[in-house]
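Here are the chains, one letter per residue:
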Amino acid sequence: MAQTASAGRRRSELKRLNLADGLIVGFLALFSLLILYPFYNTILISVTPQVTYIREPFMLFPKELTGVSFRYVFENKAIWTGMWVTVRVTVLGTLYNILLTVMMAYALNHDYPGKKFFVGAILFTMYFGGGLIPMYILIGDLGMMNTLSSMILPTGINISYLMVMRKYFRNIPEELEESAKIDGANDILIMFRIILPLALPMVVTFVIYYGVERWNEWYQGMLYIKSASRMPLQLILRNIVANSNTILASESMQEAGILPFADGIKMAAVIVTMLPVMILYPFMQKYFVSGLTAGAVKG
Amino acid sequence: MTVKAQPSPARKGVRLRRLLREIWRNRFMYLLLVPGLLYFAVFCYGPMYGIQLAWKEFAANAGVVGSRWVGWANFAFLFKEAEFWNAIRNTLTIAGMQIALAFPFPILLAILFNEVWQPGLKRVMQIVSTFPHFLSWVILSSIIFNLFGNAGTVNNMVVAFGGQKLNFLMSKEIFRWLLLFSLIWKESGWNTILYMATISSIDQSLYEAATIDGANRFQRIVHITWPGMQSIVTATFILRVGMIMNAGYMQVLTLYNPSVYEVGDILDTYIYRITFQKAPKYGISTAVGMFKGVVNAALMLSAEAVSRRLSGEGLL
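As given, the protein sequences belong to chains A and B, one line each in that order.
Per this note's numbering, residue 1 is the first one in the first sequence, and the count goes up by one each step.
Per this note's numbering, residue 1001 is the first one in the second sequence, and the count goes up by one each step.
Note that these hints are calculated values from the structure, not bench results.
Glycine residues also receive a C-beta, built at the ideal position from the N, C-alpha and C atoms.
Careful, some of the hints might be misleading.
As the list claims (entries may be wrong) - Heads up, incomplete: computed chain A residues facing chain B, CB under 10 Å, no partners named:
# : residue
1 : V47
2 : F128
3 : G131
4 : M284
Unchecked claim - 20 Å max Cα-Cα, derived PhoX-like pairs, lysine-lysine:
#  : chain 1 : residue 1 : chain 2 : residue 2
5  : B       : K1080     : B       : K1278
6  : A       : K116      : A       : K167
7  : A       : K226      : B       : K1278
8  : A       : K77       : A       : K286
9  : A       : K286      : B       : K1122
10 : A       : K115      : A       : K63
As the list claims (entries may be wrong) - Stretch-level coverage of chain A by chain B, calculated; a stretch enters the list once three of its residues show a Cβ under 8 Å from a Cβ in chain B:
#  : segment
11 : 21-35
12 : 97-111
13 : 115-126
14 : 132-143
15 : 184-195
16 : 232-243
17 : 258-270
Model the full structure from these sequences, guided by the hints.
Next up, the structure:
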């Protein structure tokens, strides 16, 4: 970090800022604003009363705030059951993903008879698979239809993460394992007690990757889940957006004369669904870049 | 010891014993492998037995194995379907648009980011631009519907400036562009990271020397930054072209509607539709999947071969 900073300073001493710098920063700033605006707009709609929104459909600052849309969302039971399903899928799924990936990556970093065959068999699945219907039939045959496991077990291992993880293990000095072996520890013990703590940053990185993927789960839910009580949050959101009637049925509020604002409710549901990612995002920063670059850039 | 002659039985025995000893010595490694291998066996190889459906007429009561063989009838049926060819045409068109525009954009972004000298500003802009990558297409499509819907923010602006309302989501002319720009919006920032990391590994003294020699910004980009990232751009390009049969399944599935099937229905969504929305004909759906899988695998392997020839290294 210090090196790049000093290089930057040296470069800026060599050359003063000019028009081109302004244009570049301007372009990138505009791009960033274009990324942000839809989210900002989403937040605004979710907290604006319908009357205000109709009168002033594009606003930069809300003139009037209301919690009505969020109240409608939170009084909807489907949101809560969906949240509970998604939380379970995310926790169990991430645990399952990371355990499988770490164990396999560690084992594939060593040599023993048959290893080449295993690697070949794994890589083959990157090129070819059964496809949608064979998978659908398999889930049925395994008795996993309409169960949470249908959204967890098929996710297993992401091969790119597996390969990055394996590369990371390769950089840990072998002497550590050897000395532990002399002390009589077996490979599994060595992995969990000695190697994993050293690889913690990488493990955290992939916990985040997997965690976000599981949180975003909806597709397998759409294919395999039939009962409403087992639908993940994202699928509930999809239903709300496709058919706002599903969420407008908050009787207590309508009796109290609080009218629903369909767009506001939809956008409030969007925010509830993306909230965990939004909150964790700034803290994830330092991790997620390392996972992407560790495997790709040859040092 | 490089004896090529047939090993004597005694030697064979020694070798076998050595192999068994080697396996026993690594028994815990195999144990570590078991869960992962089980996963690949069940969920990656397991479905492959269902591929036979491509040559069968699926009957639910008979199961996969018991269903009747029909030879190439499913494929013959498919090749006469206009919707199938439409899906292929859309897949290639949309993927082609992505390769032409969504692929180079992050490269441009990375080069521009590298020209920003204020580290704080650069960081903030990068953090902002990678954010949409972490959200699902369900969330993003909800936001897009709200923005571009008939009564959405964009149309309200159009009207406010005296224009005519546009039906962005149902227009055959616009839909593919909506796909393209929403993809650029979601993934460009994320795809920039790889290129940024490559650029940051370029020797900084090259820039200083060039500046002292009087090279301007454009010359520095052309002669230092671009050559430094060329090999990784080649690799990602080959990989993207190899995956041309994929035009964004989740994105299309969440964004499209019947009025844009003609321009938006790609192979993956076609398979999904004929399986779950029309009267299900598993044999035909599997045949489409099979067709896509084989073409895809052939393209990926060619991409791998091209990459090996160009750089001496595989992609994966």
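Evaluation of the provided hints:
Interface hint at V47 of chain A: violated, since its Cβ lies 14 Å from the closest Cβ of chain B, which is beyond the 10 Å cut-off. Taken as an interface hint, F128 of chain A checks out: its beta carbon lies about 5 Å from the nearest beta carbon of chain B, inside 10 Å. Annotation: G131 of chain A was flagged as interfacial toward chain B, and the flag holds, the nearest CB pair being 3 Å apart, inside 10 Å. Satisfaction of the interface hint for M284 of chain A is found here, the shortest Cβ-Cβ separation to chain B being roughly 8 Å, below the 10 Å cut-off.
About 18 Å separates the Cα atoms of K1080 of chain B and K1278 of chain B, which keeps this hinted pair within 20 Å; it holds. A distance of roughly 16 Å separates the Cα atoms of K116 of chain A and K167 of chain A; the hinted pair therefore holds under the 20 Å criterion. A C-alpha spacing of about 18 Å is found between K226 of chain A and K1278 of chain B, which places the hinted pair at or below 20 Å, so the restraint holds. Simply put, K77 of chain A and K286 of chain A have alpha-carbon atoms about 36 Å apart, too far for the 20 Å limit, and the pair is violated.
For the proposed pair K286 of chain A and K1122 of chain B, the alpha carbon gap of about 15 Å is at most 20 Å, so the pair holds. For a cut-off of 20 Å, the pair hint linking K115 of chain A to K63 of chain A is broken: about 65 Å separates their Cα positions. Residues of the segment 21-35 of chain A lying with their CB closer than 8 Å to a CB of chain B number 10, which satisfies the three-residue condition for coverage. Here's how the segment 97-111 of chain A fares: 9 of its residues keep a CB closer than 8 Å to some CB of chain B, so the rule of at least three is met and the hint holds.
For the segment 115-126 of chain A, the stated coverage by chain B holds: 6 residues have a C-beta nearer than 8 Å to a C-beta of that chain, and at least 3 were required. For the segment 132-143 of chain A, the assignment as covered by chain B holds, since 8 residues bring a beta-carbon within under 8 Å of that chain's beta-carbons and 3 suffice. Here's how the segment 184-195 of chain A fares: 4 of its residues keep a CB closer than 8 Å to some CB of chain B, so the rule of at least three is met and the hint holds. Here's how the segment 232-243 of chain A fares: 5 of its residues keep a CB closer than 8 Å to some CB of chain B, so the rule of at least three is met and the hint holds.
With 5 residues carrying a beta carbon less than 8 Å from a beta carbon of chain B, the segment 258-270 of chain A meets the three-residue requirement, and the given coverage holds.
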